[in-house]
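In case you want the letters, here they are:
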Amino acid sequence: MAKISLIVNGNPVNANVDPRTLLVQFLRENLRLTGTHVGCDTSQCGACVVHLDGKAVKSCTTLAVMADGHEVKTIEGLAADGAPLHPMQEAFREHHGLQCGFCTPGMIMTAVDMVHRKGHDLSDHVIREELEGNLCRCTGYQNIVQSIAAGAKAMEKSDLA
Amino acid sequence: MYEFKYHRPETVRQAANLLIKNEDAKLIAGGHTLVPVMKQRLASPPHLVDLSHIEGLNGIEMKGRALVIGATAKHAEVATSAIVGEAIPALAELAGLIGDPAVRHKGTIGGSLANNDPTADYPAACLALGATIVTNKRRLKPEEFFQGLFTTALESDEIITKVMFPVPKKAAYIKFRNQASRYALVGVFVAKRPSDVRVAITGAGSDGVFRVTAFEEALKKRFSPKALEGLSVPAEGLNSDLHGSAEYRAHLIGVLARRAVEAASAKA
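Chains A and B, in that order, are what the protein sequence lines are.
So that you can map any letter, position 141 of the first sequence is 141 in this note's numbering, and since no number is skipped, the others follow by simple counting.
Add 161 to a position in the second sequence, counting from 1, and you land on the number used in this note's numbering.
No wet-lab data here; the hints were simulated from the structure.
Straight-line C-alpha distance at most 25 Å; calculated SDA-like pairs for lysine to any residue:
1) A:Lys3 <-> B:His208
2) B:Lys166 <-> A:Pro19
3) A:Lys55 <-> B:Gly246
4) B:Lys166 <-> A:Asp68
5) A:Lys3 <-> A:Glu71
6) B:Lys166 <-> A:Thr42
7) A:Lys3 <-> B:Glu171
8) B:Lys182 <-> A:Ala2
9) B:Lys200 <-> A:Asp68
Remember, predicted model here, so these are calculated numbers, not experimental data.
Just chain A, with the same shape it has in the complex:
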């Protein structure tokens, strides 16, 4: 077993984990943060995307021990419980950027990372290129792209990062 200490959604977490535990397993099974999904489990679909030190990563391909000493943000950490949604979440709701919702947490975490790197004025082309690592198997991507463009703009006026 390995001792790890990390910050998850702003809260310090200490745990003893088997080194082979994946970050996504640790988040879902140890911390019960089940908003992060396991889709393909092969780093292709992006349902497991979380932020590690502010950058989007695939938590199904990251060992929990390698997150030791780092900061993790999951979909649960975007907005406080009971508070208004994060502008990117709100944009997905408003623009029907989901159908079954399975890919949505990963889509939104990828979208927020995209805004951090590429700014608030995102063209459809940039959004589609940046969604390379996120698969949706029901909506087609039209509404997801619209949601991200709108969410990116809304984030400019929001206090939530």
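Chain B: place on chain A using the hints.
Showing chain B alone in chain A's frame:
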């Protein structure tokens, strides 16, 4: 995934000692090849030695006329580095074509080279640019380093520390992606160097990355897509699978090489 012991050295020397002490230990940096392979139980190293906490192993800097990239520099860091963009923009573009944004936040240049996947992008850049792969023991030329499918000259206690790329006059990388995996079905890196031209191909060769000397000689005489007209590579020795026949890959090499020369010419 099978059980393993996890080690976190703070220096390259400590990491090398851990490799010597623990037989069949594997190095991990970004983990974006090793973790998937371990999940499939295709690899089951009893020890993992994590390089990601070694300081100073991920630097990007110019040293004289060479661009030096540390082994644990991530693809996203290379893709967005102003130093790389200034010195060898083709290399920054190549890094930005690997995987997807999340993968680029984790995967490293050292990991890509040490794995020597026949469809990986960095091996083509190393071979075309005439890079020097520096380890804790020695310096290797790409011709010595790459030894066929998933095989390199690295010894069991050898660790890549950095890669030195001489700055070319012009260079470009054109990648034709496999529509499903997004790895290179064929990738062509063309570099016009002070004394010669090199054309390196990834994705196509059944023995990994290789150079096309016939193209290189023609381009040395005249660095123009027209110099490649009428030239082709034989389909023999190229991969043939459900994604494309050897003949199709041979055809792509010619097309992409011409596009790469055009792109390289447009840049300078």
